[in-house]
Every structure is written in C-alpha cells, then in structure tokens.
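Engineer: One-letter residues, chain by chain:
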Amino acid sequence: MSAIFIIFQVFLILFLVLTVLFLFLIAQKVRSNRFDRKKSEWKKYYLEHITLTIQGEKELRLPDNHPMMEAFEEVITRYYSLIKGRPSSVQMDELVEKTLHHHYKKRLQHHRWSIRMNTLHRIEKLRMVSLVEECVSLLDIKRTSELEVIQVLRILANLQDDRLYAILLIEEKEYPNFYYLDLFRRLDDAHLDHFIHSISDFPSWIQFALIEIMGELGEYKYLPTIESFVTSHDTEFRIRSLKALVKVGYMADVMQIKPSLHAESWQERMMAAKLLKPLRDHRFLEDLLRLLTDESWWVRTTAAESLLAQQNGRTLLEDVAATHIDPFARDTAKEWLVRGGTNRVYH
Amino acid sequence: MSITSVFSTMLLIFTIFVAVYMVGIIFFYLILFFISAVQLRKEYKLDQHEPYEELSQSSFTRPVSILVPAYNEEAGIVPSVRSLLSINYPEYEVVVINDGSKDQTLEAVIQAFEMVKVEKVIRKQIKSNEIIRVYQSTIYENLYAVDKVNGGKADALNAGINVAHYPYFCSLDGDSIIERDAFAKVMKPIIDSKEEIVAVGGSVRIANGCRIERGEVMKVELSKRPLVVMQVIEYFRAFLMGRIGLSRHNLLLIISGAFGVFHRESVIKVNGYRTDTVGEDMDLVVRLHKQIKEEKSGKRIVYVPDPVCWTEAPESSKILRRQRSRWHRGLFESLWHNKKMLCNPKYGLVGVVSMPYFLIVEFLGPVIELLGYIIMVLSPFVGGIYTSFAVLLFLLAVIYGSLLSMSAVLLEEWSLRRYSKVQDLVRLYFYSLSEAFWFRPLTVFWRVEGIVQLIRRNNSWGEMSRKGVSK
Chain X
1 MSAIFIIFQV
11 FLILFLVLTV
21 LFLFLIAQKV
31 RSNRFDRKKS
41 EWKKYYLEHI
51 TLTIQGEKEL
61 RLPDNHPMME
71 AFEEVITRYY
81 SLIKGRPSSV
91 QMDELVEKTL
101 HHHYKKRLQH
111 HRWSIRMNTL
121 HRIEKLRMVS
131 LVEECVSLLD
141 IKRTSELEVI
151 QVLRILANLQ
161 DDRLYAILLI
171 EEKEYPNFYY
181 LDLFRRLDDA
191 HLDHFIHSIS
201 DFPSWIQFAL
211 IEIMGELGEY
221 KYLPTIESFV
231 TSHDTEFRIR
241 SLKALVKVGY
251 MADVMQIKPS
261 LHAESWQERM
271 MAAKLLKPLR
281 DHRFLEDLLR
291 LLTDESWWVR
301 TTAAESLLAQ
311 QNGRTLLEDV
321 AATHIDPFAR
331 DTAKEWLVRG
341 GTNRVYH
Chain H
1 MSITSVFSTM
11 LLIFTIFVAV
21 YMVGIIFFYL
31 ILFFISAVQL
41 RKEYKLDQHE
51 PYEELSQSSF
61 TRPVSILVPA
71 YNEEAGIVPS
81 VRSLLSINYP
91 EYEVVVINDG
101 SKDQTLEAVI
111 QAFEMVKVEK
121 VIRKQIKSNE
131 IIRVYQSTIY
141 ENLYAVDKVN
151 GGKADALNAG
161 INVAHYPYFC
171 SLDGDSIIER
181 DAFAKVMKPI
191 IDSKEEIVAV
201 GGSVRIANGC
211 RIERGEVMKV
221 ELSKRPLVVM
231 QVIEYFRAFL
241 MGRIGLSRHN
251 LLLIISGAFG
261 VFHRESVIKV
271 NGYRTDTVGE
281 DMDLVVRLHK
291 QIKEEKSGKR
301 IVYVPDPVCW
311 TEAPESSKIL
321 RRQRSRWHRG
331 LFESLWHNKK
341 MLCNPKYGLV
351 GVVSMPYFLI
361 VEFLGPVIEL
371 LGYIIMVLSP
381 FVGGIYTSFA
391 VLLFLLAVIY
401 GSLLSMSAVL
411 LEEWSLRRYS
421 KVQDLVRLYF
431 YSLSEAFWFR
441 PLTVFWRVEG
451 IVQLIRRNNS
461 WGEMSRKGVS
471 K
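Top to bottom, those sequences are chains X and H. Going by the working numbering, the first sequence opens with residue 1, and the numbers climb by one from there. Going by the working numbering, the second sequence opens with residue 1, and the numbers climb by one from there.
One chain only, chain H, in its complex shape:
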C-alpha cells in the first residue's frame, strides 16, 4: 500500500468519525432544545413578581447565608455588599470572607459598616485555612466579615460555610449583580419540592452593555463589542438549551460559581469545596450527585431559567482565552477526581449520561472539532471525492456552530425576551449566524490549548494525586 493510499484511508476514517460524532451531537442538542422549549413556553409571560411576593415576606421561608469571598477587592466590595443588604428576602445574613487580601479590603468593609470584633467559637466542620477573626456590623446585625489566612476561593468558601448559621448558603462572586428577587426565585423550587433539593443554580447573564445603577440592572441592552455579543449567545446556548434540558432529568452537573444556593448540611457531608482544582464549582455538584446516588435519597439539583444574576464578561480576547483554557482544565479535573462515576450504572443517569456527555462532548469535543477543521483544510488538496468530504464537514460545522446558536437566540426571544430592542435581536441573530466561521473555531483552539497545558503539566499532576493518597 502506498503512502498516499494510507493517507486517504485515514482521511476517510477520520471524516466518517467526525461526521458521525457531529450528527450525534446535533441530535442530542435538538432533543435538549425541545425539552427546554416546552418548559420555557409553559412559563411564558408568567408574572415576574407576583408568585414570589408571598415568599419574600413570609416568616416561614428558610433563611439563607450569603457567602462573599473577597481577595483584593478593595474597590468594589463595599458597593456589592451594600446591594446585597437590600435584597428582597425575609431572613438572611451576609458573610464577607477576606481571603488574606494584600490590599485594604477588610479595612474598607469594617469602616463602611462600622464593624466590631465578636467572640465566636466556630465549629470547624470542613477543613479550611485558619480563621483569624470574625467581625459583625453594628449597623446591620446580619452582616459579618471573616478574616482568614489566604487559601483561594474554594478555601474561603469552606471557611464561610463553617461560619454560616443558616440551613442554606449561597456562593457568590464579589463582582456579580444580583436581582432583588433572586433569592425568592431560587428558594421557591426548594420550598415547592418539600426541601428535596440540595442545590439550585441560577441563570447567569452578561451585564456588559446594560445600564446599571446602584448595583441594579436598570435596562438590558446588548454590548457593542462582537466578542461580548458572542458570549451572550453562548450563554443562551448553555443556559437555555443545555441546563434547562439537563435539569429536567436531574442531570445537571454545573452550577455557575457566580450564583448558586446549596443545602449546607449536604455540602458539609461531602467535605465542602475541593481546594486543589480550578473547577471547584463543578466538582462540588458532581460530588453532591455522587452522594445523592450513594445515599439513594432521591434528592435533586435544579436550575432556574429566570436570570437572577448578572456578571461582567471579559471584553478582550486575551482574557477570554485565559478564561476558556482555565475552564477546560477545571472541567477535566472535575471529571478526573470523580472518574469512578463515569459510565457506572450505580450512579444512575448522571453516571451513564451526564458524565460521558461532559467527557466526550464538552471535554474531547474540541479535539474532534479541531480534527474536522484540519480535514476540511486538507481534503481539497487531495481532490476528487475528498473535496466533498470537506463540504460535508463544513455543512455539519455550520449546523452545529451557527444554526444551533441561532435557535437558542430565537428560543430566548420566544420565551424570556429580556432584550427589548428590535435592533438587538437582529444583531444577535446575525452574530450567531457568523459563529461557525470565527468564534467557534477560536474557542475550540483555546480549549484545546487547555488540554495541551494539562498534558504539559502532567508531572505536577502526578505529584498532586500522590499528595491526596498520603493524607
């Protein structure tokens, strides 16, 4: 067999492989799309306030501890805390955790809210770095600040869980903006389910371009920057199509670090957040699932489609690139630490559907897609039938990259309709049409880059798992 014929056979095999993969994924997403569409449409134009009014005033709701980890956030921390103190919820406390900041974060909070030291014996239920001191505000009884030795976000959250008093806690990014009804909205499923829910994820939206006043989103508008618009579309796709569909069957594996409410005891049972990973939020959800299945408690993890939290998206490709490759490493670590669950029927649908989905589609998907791009570029040079292969893959990539995103945009418009300008809808539609031609390939490269970084750091990986065993 000549080299050329080996090459063309290989090309053929790869093409078929990539094509079959793509068709499978497209079908998977279409199914999720229909599940979401039915769900969203049922709640079309449901009053945004009325169903939650009772909940946000009643004394029978479950109280929540809001944990705000802060590291060098001197500039933004005071306004964020202030906006948290004005939320619509009957009983809650705010715990700011100063994770050994090098700037004046702690001092800023202490001064703004006239805080004093309190004697407090902390019951250390989860391991975390040493807590130096606890402060309480003299103006707001429900505001605490914890000063601790630096240990990263996950460690700060663990310390916060130890300090928290209430049965549910919410983890929050310091820079995200919370809607005033957010807690009523995320706690409603917990109450409606007779507290059979251990975690609720909220829908996170992109704040860039919106008009924000005093920590509140006043008007929703689309940013002028193409990169941000593409991220808005990506969020639609991930949240509206992916998460609603997965949540419906208790398959949800990701609750965004930007906003999630958890049952405190359940989180303590799984030893809190893992501190040696960049994907601590996903890792926690996966372990909660594991716990649910092992205990056979039948509890659930759900997702609320109403946007409850707004966050700032990166505007430059440099930061976006870093974020994407970090996310990808985090994804791998969560899968790696919980590999026992993969394809294990003991863990139900989470084991046989969610975990393989995240491994094959989310983690390895970019590699397969990259392979597709390479074939697309190479095939025409071989000529003949191989040119049509390139066309085939190209069409699939456009369906996968652009048409699915366009559907997500239309689904948003058909159900939630958060963008009021006609012009915004037109822009979203045409930008999503362009996705397969530039943004999708870009993110594919960045994510593959994440995999490359993982392989390069292979040695340090080994060290880390050894450390885990010796403990």
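Chain X with its partners taken away, still in its complex shape:
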C-alpha cells in the first residue's frame, strides 16, 4: 500500500511541477510572440530608414528597448553580410559603435555560452575594433570554450592584429585544422609572411596548416619553403608538402621527390605520383611504370593517371594494358584508357 502512496505522490508532484512549468512557458511564449511582433515592426522601420541616415538625410531613432535593439542588430548585420569584404562607410561604423559598444561589452561577460558566442560572431561581422581588448581578455578566463577562443582569434586575424602571432606561438592546444586555415586565409601578405618566415617555431599542426595554405595560394615565393619539407624526416611533413606542390603544380628541384615515389607509406607514394602529372618529366617514366604494380589501388590509379598525361603516355599505357605480366597493372591501365584522362580522381 505504501508503494502506491509513494508513486501517487511522485505522480502528483511531477504533474504539478510540469503544469506550473507549462503555465510559465505559456506566459513566456505570449511575451516572446509580442516581442517578435514589435521587433518585426522595428525591423521594417530600420530597413526603410537606415540608408537615409547614412546619407545624412534623416535622424535615426536609436534603440532604447530590447525589441528595438534586436531589430537594429538584425538589420545592421544583414547590411554587413551584403557588403562582405568591402569597406563599410564611416557613418555606418560610427552608428554601430555608438549603439552597440556598451551592449556588447556587457554581453561578452554573460554567463550563458550561446550569448557570448553570438556576440563574438556579431563583433566579427560588424568589425567593431573598439571591442578587441575585451575580446582578447576573454582568453584569460577559465570558462572560455574552445570555440570562443577560435572566434577571438578570427577577430584578431581580420584586423591583422600582431597578437595572433604571439598567441599561436605559445598556445599548446591543438585546434582543428580547418580553423587554422581559416585564420591564415584572413591574413594579408605581410602578416602571413611573418608566420611563414618563422614556420619552424610553431608546433607541427600549425606548420601543416601553413604548408597547406602556401599550396592553396600557389605563389612562387613560397616554393623554397614548401620544397624544404619534401626531404623532411617526418613522413607527415613530406606528404603535406607534396600535396601542396600538387596544388602549385610546379617545383624547382624535381629530383627531390624521387625517394617519396618508393616511400613506405602509400599516401606518400600516391602524392608523389600525383605530382608527376603536372611536372611531366621524362626521367620518371620508369618509376611510374613500376608504381602501376603497387599494392595500393590508389597508388596504381594515380600512377596511371599521371602516366597518361606524359608525352607518349597513352602509347606506354596501351602497351601495359596489352602486355604487362601483372594483371593489376593491366586493369589499371585499361581503366584509364577508357576514362581517357577526362575524369579526375578524387580523394
């Protein structure tokens, strides 16, 4: 009997709690719907008036309550999204600083992660230089999450702030590769060069990202740096630099890749074989023919693709398809003769 009584009590308590919560959420919903209505009215107002204000033709009503503030934020964010990359007008920047500086300064200290995160994204988008110090100071706070740190670094990169260099140099934590690439892509030439000149001072994961970005940019001035890693003792470095060279499609001292064609890791052999496609160097025909019998499918198919691109490549490949003793080599050659070198191999 007592069991029933306990369960009944639990049931009753749960039911009451849920109903109270339900009523509370209903009230909140009514309020937030009213809020949204007001906000959308203000949004209309700002959309209509903001351009006129910038041109100095009209005085704008600055936000003095929450719905107004959110409406203003959304309209202004959309504006900055549209002009992405291009400089915004001085009047616009002033307007942003005037209205949002204090609001955001407070929000950066908010206890809820999502609010701090949203604010950091907004600061980045609206290019609010005045708040950089506050953002950087977040880095020293313990509760700051990895994604927040990355966002702060992005803000610094956008502003070409030298602190980015100093921070990355001493940071022991490894962030996802994507974010390093994203940071370096934002830097101008001079700042990126600063990183590249001292590439060896950074931890390996940052070096990887720098090698990749150099390949992505494809500029000749980076070639010596990339090539210096082709002879590295570390396999990963060799693979990364070969991959970057594939992107560039050129290298000065071609003979350096010879050992990679017979390396232990199949990824390295594949990257080296792939690089031979744009290089088109007759000294490597023998190596490519040998790679057609490689144990890895990826190496065989890449070697065939590169061979096809060489002078005389088609004839050589036809020869392999017809007479080679290794059935794998014959198949790979046939496959590429069918593809005709039009379809590239994806990785």
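Take every hint as true, because none was put in to throw you off.
With a straight-line Cα cutoff of 30 Å, these simulated DSS-like cross-link-like pairs (lysine-lysine) come out:
{"hint": "1", "chain 1": "X", "residue 1": "Lys142", "chain 2": "H", "residue 2": "Lys194"}
{"hint": "2", "chain 1": "H", "residue 1": "Lys45", "chain 2": "X", "residue 2": "Lys142"}
{"hint": "3", "chain 1": "H", "residue 1": "Lys224", "chain 2": "X", "residue 2": "Lys29"}
{"hint": "4", "chain 1": "X", "residue 1": "Lys221", "chain 2": "X", "residue 2": "Lys247"}
{"hint": "5", "chain 1": "H", "residue 1": "Lys346", "chain 2": "H", "residue 2": "Lys296"}
{"hint": "6", "chain 1": "H", "residue 1": "Lys194", "chain 2": "H", "residue 2": "Lys45"}
{"hint": "7", "chain 1": "X", "residue 1": "Lys84", "chain 2": "H", "residue 2": "Lys194"}
{"hint": "8", "chain 1": "H", "residue 1": "Lys45", "chain 2": "X", "residue 2": "Lys38"}
{"hint": "9", "chain 1": "X", "residue 1": "Lys44", "chain 2": "H", "residue 2": "Lys45"}
{"hint": "10", "chain 1": "X", "residue 1": "Lys125", "chain 2": "H", "residue 2": "Lys194"}
{"hint": "11", "chain 1": "X", "residue 1": "Lys44", "chain 2": "H", "residue 2": "Lys219"}
{"hint": "12", "chain 1": "H", "residue 1": "Lys45", "chain 2": "X", "residue 2": "Lys105"}
{"hint": "13", "chain 1": "H", "residue 1": "Lys269", "chain 2": "H", "residue 2": "Lys340"}
{"hint": "14", "chain 1": "X", "residue 1": "Lys142", "chain 2": "H", "residue 2": "Lys299"}
{"hint": "15", "chain 1": "X", "residue 1": "Lys173", "chain 2": "X", "residue 2": "Lys106"}
{"hint": "16", "chain 1": "X", "residue 1": "Lys43", "chain 2": "H", "residue 2": "Lys421"}
Okay, the calculated beta carbon distance ranges per label pair:
{"hint": "17", "chain 1": "X", "residue 1": "Ala3", "chain 2": "H", "residue 2": "Lys346", "range": "34 to 42 Å"}
{"hint": "18", "chain 1": "X", "residue 1": "Asp193", "chain 2": "H", "residue 2": "Glu213", "range": "46 to 54 Å"}
{"hint": "19", "chain 1": "H", "residue 1": "Gly215", "chain 2": "X", "residue 2": "Ile167", "range": "39 to 47 Å"}
{"hint": "20", "chain 1": "H", "residue 1": "Gln48", "chain 2": "X", "residue 2": "Glu48", "range": "20 to 28 Å"}
{"hint": "21", "chain 1": "H", "residue 1": "Thr9", "chain 2": "X", "residue 2": "Leu12", "range": "26 to 34 Å"}
{"hint": "22", "chain 1": "H", "residue 1": "Val353", "chain 2": "X", "residue 2": "Leu12", "range": "29 to 37 Å"}
{"hint": "23", "chain 1": "H", "residue 1": "Pro226", "chain 2": "X", "residue 2": "Asp140", "range": "51 to 59 Å"}
{"hint": "24", "chain 1": "X", "residue 1": "Arg37", "chain 2": "H", "residue 2": "Ile385", "range": "51 to 59 Å"}
{"hint": "25", "chain 1": "X", "residue 1": "Thr323", "chain 2": "H", "residue 2": "Arg248", "range": "58 to 66 Å"}
{"hint": "26", "chain 1": "H", "residue 1": "Gln48", "chain 2": "X", "residue 2": "Ile167", "range": "28 to 36 Å"}
{"hint": "27", "chain 1": "X", "residue 1": "Leu169", "chain 2": "H", "residue 2": "Gln111", "range": "53 to 61 Å"}
{"hint": "28", "chain 1": "H", "residue 1": "Ser316", "chain 2": "X", "residue 2": "Gln9", "range": "38 to 46 Å"}
Keep in mind the hints are simulated off the structure, nothing from the lab. If you're wondering where the values come from, they're calculated on a predicted model, not measured in any experiment. All C-beta atoms in this analysis are idealised placements derived from N, C-alpha and C, irrespective of residue type, glycine included.
Go by the hints and put chain H onto chain X.
Structural biologist: Showing chain H alone in chain X's frame:
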C-alpha cells in the same frame, strides 16, 4: 495449493516485475532528460546562421556526396533533386540511384537535367547489384544518376557509395525536405572534432501541417490530425530526450535513414549496408560502433539536435501500424545480427548499456507494458489488494507514457522553440497528457504485433541465417 492461489501469486510476481521495470525505465529517462536539458540550454538562442556562415562558404570544408535512392518516384524526384541543388555548401555532388524503377523515374531525371551517359569505371568496393549505366547532367556538373538492377534501398545505397567520389556521404530519403544549412550544421561537429567522427545523425521533424514552398519549410505549424500530433510528440521524446543524452556518451545506436552523414571509408570497411534486413540504418550504426571498438580508434558517432530534415509522417492508422511493426522487426534484426556485442564488455558502454537498453527497453518493453495492461484489466476482478496493484501500474503507466512526453514537449519549448503559436504549445501539452490513455497502448500493440510476425516467420529466418553461413 488451489488454482486461485497460484493465480494470485503469479499476479503478484508479475505486478512486482512490471512495476520494478517501469520505475527503472522512468529513472533512466529522467537521467537522459537532465543530460539533454543541460546540453540544449547551453545552446539556447544560439544564432541559427552565423556559426555556419564560414563553413558554408569556405573552400577548406570536406566535400560530401549526397545519395538519393529512388524507386518508382517519378512524381517527386525532380523537385527533390532540384531543392538539393540549392543547398548551402561549398562542394558536394548529388547521386540519384534509380533502383530498377518500373515507372519513368530515370527518364524524368535525365530529361529535367539534360543528362548524358558517361564512361566511368566504378571501383566496386562494396557488393551491390549490377550498375547498368551512369549519367551526368550537362547543366549541373555535380549531378549524377545511376541506373541499376533493383535490389532494395540498402543495395541502392551501397551502389551509390561505390560511385560516390567524396570522403563523406549523406543518405537521404527521396521525399524528405532538407534545410538549406543542413550540411553546414552536420559537418560542423566533424570539423570541430578534427574528423574523429564517423557518422552524424540529424534531427528529423514532421513536416505535416507545415507550410512548404519550393522544397523549403516556410512556416512551422502543427497538423490538425491527432495521430500526427502524437507522432510529433514521439519525435520530441526520441530525438530531444533520447538521442541527445545517448550521443553525449557515444551510445547512440540509431541514425535515422531520413538523414545521416557518414565517413565513406569507415562504411566501406564494414561492407556498407546490410541488404537482408528492414532495419539497415540501425544495423549500419551498430556495426560502425563495433568497428570503432575493435580498432580502438576512439572515433565517435554523434547527433545534432537542430532540426535539419523534415519528413512526411503517416496520417492513417493503417500505415502507421505497418510502419511500427516494420520498425520493430528492423530493431530485432539489428540486435540479432550483432548479438555478439550484447553485454560484452569488449564493446565498452555500447555493449553493456546501449545494446541491453535496446533489447530490454525498446524491443521487449512493449511486451512488458502489454503485460501491465492485462494485469490492470484483470486485477480488479480478483479484488482486495489486487485492485491497488491495478492502480499502482496505472499510475506508473501514466508517468511513463504521459508525464515523460509532457516533459519532452516542455523541453522543446524551453530550448529550441520551433512552434511559434501559443495554441500549438497548448495542444501539444494536452495531447501528450492523453498519450498513456490511447496512443501509447496502440503503439504497444503494433510493436507486439511486429514480434508476433517475427515468431511466425521463424522458419524463413532459419533459412536466411543458413544462407549467410554458406557464403
């Protein structure tokens, strides 16, 4: 001992058994509820667009192959493909796999997107039925169509995996509607984790009642049909409470077939989808877990709570019934094929928590619940103390069926708030209150029906496993 006393002892034992079971489950769900609530609240009102903007424009994101298996979908295939071609993601390809349709599905796609035959040597890494031809669109370079011999959805997906070029692929139901930022949202955890994730499941929501224009959900509204409303609540319960909680500890065993992104190489390593089951989506996830544990790679399978995909729910009880008993059979098959993992500490928490949970709660749960209903009906006839047993079970069933669902509804409102009308919230709340009284028992019957069908087909089962051995 007289027959009556045997009967009452049995009744007592069963009652205690069912009651203990129910209390255990309620506690389990409450724990999951709190884990989810903390997680969801952390991201409360996080901007829906800003964090993904960089990702959907950067050239450093990983490309994705979107696989769309189609069987007799002449009517809907062209608009679905068209909406896929407008998603926000830097690099992707769409591969429509015509699984030997008997109607004009393939012709419709070829005509609409001006496709031509391409010479293509396919590297067959997973077994699938023969691929007859591959077509490529002349308008959209990243759109392919594969014509193959019929073999079912799982077989079509396997063929698609063979054709796909990119390191990640997404399996998709032809009739589901994808949010434009869906891929940025599901790929973000992969990038944030330094590619330590082999599969990501998206939150699937019910599209019935929503306003849909040109393949996009314009306004989220609740359907007028009680059966659909109940399914909406069920989805809240399963996705918001169950999956977030499980995903947090890498215990997730289900990624909905309607939307999931997988690491291609990992899926190839486990030989792709199993073609002889109705639960191929769950089966794949279970085998991926197995692979992770056997390789000790420490990789993860996660779930994204943001709704990324909308799907049409069945509106009639006839189709719903069929769907539920099929799901239940699929669940059993996934457990049966991977029974080695059950309670095996070698497979970590997945082996000792997830698998037993799916066996006891998800699979056998309906049987125990049905037993509870029977006791509830019988006990009052015995009278005396047994009437109070009935009351006890009834209370537990209401807590389990209704109160937990009500919590899920409130959790949704407290965190994601996808339904904007006050009226919708009120309806959801009262419908969920009614769950224990009609919808829950209905689904219990349907699922038990699934078990009965399994037992009836016992013979053909034996045949199937023999075929597996002789291969």
